[in-house]
Amino acid sequence: MKRYQWIFPFFLIILFTGCYNYRELNQIALTSAIGIDQTEEGDYLVTVQVLNTQKQGSDTNFSGNQSKFILYQQKGPTLQHALRTIIFESPRRLYVNHLNLLIISEKVAKESIEDILDFFARNTEFRKDFLVVLSREEDPDEVMQILTPLETLNSKNIRDSLMSDIKFYGVATKVTFENLLESYLNKKTNIVLPTIEVIGSVKKGESEDNIKQSIPDAAVKIRPLAIFNDDKMIGYLSEEESRVYNHVQNNIQNSIITLNCSKDRKFTAELISTKTKLKADGKNKKISISVKARASIKEINCDVDLLDPNTITKLEEMINQEIISTMEKDIQNIIKQYKTDIFGFEELLYKTDPNTYKKLKKTYQDELIENLEIEVSSNVELQTKGNIIKEITR
Amino acid sequence: MLEHTEQIIKQLKEETNELSDIIYRKKIIHKKNVYIIYNEPLTSSDKISDFIIRSLTHIEQEKYILPLIEQIENDISNFKVKRIDNYSDLCFYLHKGFTLILVEAATYALALETKANIARGINSPTTENTVRGAKDAFVEDYQTNLGLIKKRIKSNDLWIQGFTVGKYTNTQVGVLSIHGVVKEELVNQITKHLKKIDIDGIIDSGMIKNLIEKENKSILPTTITTERPDVVAQALLEGKVAIVVDNSPYILIVPGLLNDYFRTMEDVYGKGMNISLTRIVKYLAFIIALFTPAVYIALITYNQEMIPTDLLANFATQRDGVPFPAFFEGVIMIISFEILRESDLRVPSFSGSALSIVGALILGDAAVSAGIVSPIMIIVISITAISSLPFNEYELINALRWYRLLFMLGGAFLGIVGVLAMTIFFIVRLCHLESFGKPYLMPFVPTYFSSLKNSIIKFPFKQLTKRHPYLSNNRIKQRGQTK
Numbered sequence: 004m005k006r007y008q009w010i011f012p013f014f015l016i017i018l019f020t021g022c023y024n025y026r027e028l029n030q031i032a033l034t035s036a037i038g039i040d041q042t043e044e045g046d047y048l049v050t051v052q053v054l055n056t057q058k059q060g061s062d063t064n065f066s067g068n069q070s071k072f073i074l075y076q077q078k079g080p081t082l083q084h085a086l087r088t089i090i091f092e093s094p095r096r097l098y099v100n101h102l103n104l105l106i107i108s109e110k111v112a113k114e115s116i117e118d119i120l121d122f123f124a125r126n127t128e129f130r131k132d133f134l135v136v137l138s139r140e141e142d143p144d145e146v147m148q149i150l151t152p153l154e155t156l157n158s159k160n161i162r163d164s165l166m167s168d169i170k171f172y173g174v175a176t177k178v179t180f181e182n183l184l185e186s187y188l189n190k191k192t193n194i195v196l197p198t199i200e201v202i203g204s205v206k207k208g209e210s211e212d213n214i215k216q217s218i219p220d221a222a223v224k225i226r227p228l229a230i231f232n233d234d235k236m237i238g239y240l241s242e243e244e245s246r247v248y249n250h251v252q253n254n255i256q257n258s259i260i261t262l263n264c265s266k267d268r269k270f271t272a273e274l275i276s277t278k279t280k281l282k283a284d285g286k287n288k289k290i291s292i293s294v295k296a297r298a299s300i301k302e303i304n305c306d307v308d309l310l311d312p313n314t315i316t317k318l319e320e321m322i323n324q325e326i327i328s329t330m331e332k333d334i335q336n337i338i339k340q341y342k343t344d345i346f347g348f349e350e351l352l353y354k355t356d357p358n359t360y361k362k363l364k365k366t367y368q369d370e371l372i373e374n375l376e377i378e379v380s381s382n383v384e385l386q387t388k389g390n391i392i393k394e395i396t397r
Numbered sequence: 057m058l059e060h061t062e063q064i065i066k067q068l069k070e071e072t073n074e075l076s077d078i079i080y081r082k083k084i085i086h087k088k089n090v091y092i093i094y095n096e097p098l099t100s101s102d103k104i105s106d107f108i109i110r111s112l113t114h115i116e117q118e119k120y121i122l123p124l125i126e127q128i129e130n131d132i133s134n135f136k137v138k139r140i141d142n143y144s145d146l147c148f149y150l151h152k153g154f155t156l157i158l159v160e161a162a163t164y165a166l167a168l169e170t171k172a173n174i175a176r177g178i179n180s181p182t183t184e185n186t187v188r189g190a191k192d193a194f195v196e197d198y199q200t201n202l203g204l205i206k207k208r209i210k211s212n213d214l215w216i217q218g219f220t221v222g223k224y225t226n227t228q229v230g231v232l233s234i235h236g237v238v239k240e241e242l243v244n245q246i247t248k249h250l251k252k253i254d255i256d257g258i259i260d261s262g263m264i265k266n267l268i269e270k271e272n273k274s275i276l277p278t279t280i281t282t283e284r285p286d287v288v289a290q291a292l293l294e295g296k297v298a299i300v301v302d303n304s305p306y307i308l309i310v311p312g313l314l315n316d317y318f319r320t321m322e323d324v325y326g327k328g329m330n331i332s333l334t335r336i337v338k339y340l341a342f343i344i345a346l347f348t349p350a351v352y353i354a355l356i357t358y359n360q361e362m363i364p365t366d367l368l369a370n371f372a373t374q375r376d377g378v379p380f381p382a383f384f385e386g387v388i389m390i391i392s393f394e395i396l397r398e399s400d401l402r403v404p405s406f407s408g409s410a411l412s413i414v415g416a417l418i419l420g421d422a423a424v425s426a427g428i429v430s431p432i433m434i435i436v437i438s439i440t441a442i443s444s445l446p447f448n449e450y451e452l453i454n455a456l457r458w459y460r461l462l463f464m465l466g467g468a469f470l471g472i473v474g475v476l477a478m479t480i481f482f483i484v485r486l487c488h489l490e491s492f493g494k495p496y497l498m499p500f501v502p503t504y505f506s507s508l509k510n511s512i513i514k515f516p517f518k519q520l521t522k523r524h525p526y527l528s529n530n531r532i533k534q535r536g537q538t539k
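In order, the protein sequence lines correspond to chains A and B. Going by this note's numbering, the first residue of the first sequence is number 4, and it counts up by one from there. Going by this note's numbering, the first residue of the second sequence is number 57, and it counts up by one from there.
Hints were generated in silico from the structure; no laboratory data involved. Heads up, a few of these hints could be off.
[Said to hold, decoys possible] Derived Cβ-Cβ restraints for the label pairs, each shown as a range:
#1 B/L333 - A/E394: 35 to 43 Å
#2 A/E154 - B/A426: 29 to 37 Å
#3 A/T127 - B/Q519: 50 to 58 Å
#4 B/P525 - A/R96: 53 to 61 Å
#5 B/L340 - A/K235: 51 to 59 Å
[To be verified] Below are the DSSO-like pairs computed for lysine-lysine, each with C-alpha atoms no more than 30 Å apart in a straight line:
#6 A/K5 - B/K270
#7 B/K88 - B/K152
#8 A/K301 - A/K332
#9 A/K5 - B/K152
#10 A/K354 - A/K342
#11 A/K224 - A/K235
#12 B/K252 - A/K5
#13 A/K191 - A/K235
#14 A/K191 - A/K286
#15 A/K113 - A/K190
#16 B/K273 - A/K5
#17 A/K177 - A/K224
Every residue, glycine too, gets a C-beta built ideally from N, C-alpha and C.
Whenever a hint applies, use it, and build me the whole structure from the sequences.
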């Protein structure tokens, strides 16, 4: 008997832990998206998208006639209150670890997003890697109701189209909650958020017909960035400005650029492995941005001889000029119009030359960003011309 | 000692309770009583009539110069003749299948080998199949088994120490080793254990294994059991010791270390690179067999955040409507699989197919349709089940089941943390384990690079030139020098 004494404490250790955090899969409601809106009384209106994991007939494969997701909505004075009272409707407790997407309405964003940041940062249940987007016109719950054809979950649809836009065009920016919090807490930079919008009729988009048709009645579209000053949204960037922002942030790897090659004819080049380097020069109050990329011609409608090295140099020069001029113009525009630093120039200045930064900050105070000189240089190398050399004519 | 022939026969008859199997035949040669005694089931009557009776008749006709017993010893046409001078030896040889010749007033008796062939012929191995390699397997006969090994190692250095174990069975046990390769203390340790054995009977080598294994507390095997002579020969060359037991077609090899259970004879014959892949797969199977159900249970009941969202949604849909907790579901499936496996082993082969149909239908399809288990659990248990089988040591397969349950318990009570805790326990246990004084995890722990060359990764055969220092003092293997 004495030999086996160790067994008792051993089992006590196991049994008395009481299955901390034990939850079976069929006791949790998998939450994929949360939308936050505000009622007219000032309460928060929280919409939660929960995956419908009910087995449908003998089909175990997450398809069938039932809705693929369920929306629950509650209002409450605080976010946590609203979220917890969803229990009134839902038979299962919300499981938010797999949250994909947080949709904030324009109304809330114009008011303040500080409460939202505080709630999600404080709460231990949330992972911090979900994407945050801003819904332009529609309420978040309207966006979340749209049925999307390729992806059964519309939150995943939004996430995926955001990600592919970031990879191949560059209007949107990947803003996870973590990034958002980080740039919010950094006093020297301001935050931006990608935005979405429903095109077509929201009413029709909610119905099953939307995914039965080859041309959906409604779809969720990615729109350019929203720009913030502290915790309040102050405006939207244009598509071009958004891409310039992403260029400066070195977010764009792959994008396209379209230019005139003769008076009324155009050509399109694809920019690949774009790299942007920022340099700050505190003494001259100068920020220099250098863009480096490889390009390939995707489409050219002018009659040019691509075998001629001079033509290539000319085209390269044109692309470089275009990049430099748009970037300089748009950066100045954004700074002038919104008087806010979303690019992180001040932060860069501080990091490279803290003493000068402090001096400059004292003299210019909040107007420092407007007094910085921005210089852009671009070095694009045309590498491939495609399969044919000349323009196709008869 | 054996002068009083009549008295001896009387004693023998008394002790055997007049056993009708023992045949006493009296013959008078040159006016002396000669008794021929043999044990009928064990002896071949052809041999007795051909060689013994005929020789005796021949002797009877000749004139003799020597005393009768010496004359018989000299003239008998039998190769194996032994002098016996005490009663216990007499009994021993009688029960071994020898024919005894007792001559009145002679000081000793003669034992002549007339054993009947009551052993099975040499067949191909049934439990250790290899594609490539020798096809002979051990049988139940001690001498045949020794012969199969000696056929492979023809050297004066192959030393055999014989013992007789078992009060009633008098089973022959032989300890084989290659002198000069093996460490003497290992042989001494084993012989010491064997001498200590005091038991009614030894039926199979499995009993010897249980008696000499020091690590009885551990469920993991610490000796290798094999029915292949080439495995024994290879082990002997590496400095291990083989124990041959009469009446058992399985021979024990000690020490048995973890790495040994992942090796087959094909590993010795095959190309290094190919064997390495096989071994990696086997080690992987070992890990899968131990951890899959535990990790699955831990993930879906505690650590859902570790599963990708799509997969989790898939799992949740599949588990929808299953009334049992995941742990219980897993235990049900594991127990049903064990029942199926055990039944499959015991049942005669003609009803085996019925069993597999019922098993596959019930365990697979019906249980899922009825909503008792989720399809994903079937997949988990299936992969676990097939992963727990590719080892040649049956004892290891059985031991894995306990550890699998232990890990599952850990997973069911504490999630991934629990699995981790049990893993630590398992590793500590493995490190603590010894097989006849050799560390169980050798050559991984303690690490010897020269031996690691033939562990998970097998180096080219020409580079495997050293024996493990724990197994042999004579480390350099002799290789045909092919420069």
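Each hint tested on the structure:
no.	hint	verdict
1	B/L333 - A/E394: 35 to 43 Å	violated (55 Å)
2	A/E154 - B/A426: 29 to 37 Å	holds (33 Å)
3	A/T127 - B/Q519: 50 to 58 Å	holds (54 Å)
4	B/P525 - A/R96: 53 to 61 Å	holds (60 Å)
5	B/L340 - A/K235: 51 to 59 Å	holds (56 Å)
6	A/K5 - B/K270	holds (20 Å)
7	B/K88 - B/K152	holds (27 Å)
8	A/K301 - A/K332	holds (26 Å)
9	A/K5 - B/K152	violated (47 Å)
10	A/K354 - A/K342	holds (21 Å)
11	A/K224 - A/K235	holds (23 Å)
12	B/K252 - A/K5	holds (27 Å)
13	A/K191 - A/K235	holds (15 Å)
14	A/K191 - A/K286	holds (19 Å)
15	A/K113 - A/K190	holds (19 Å)
16	B/K273 - A/K5	holds (15 Å)
17	A/K177 - A/K224	holds (15 Å)
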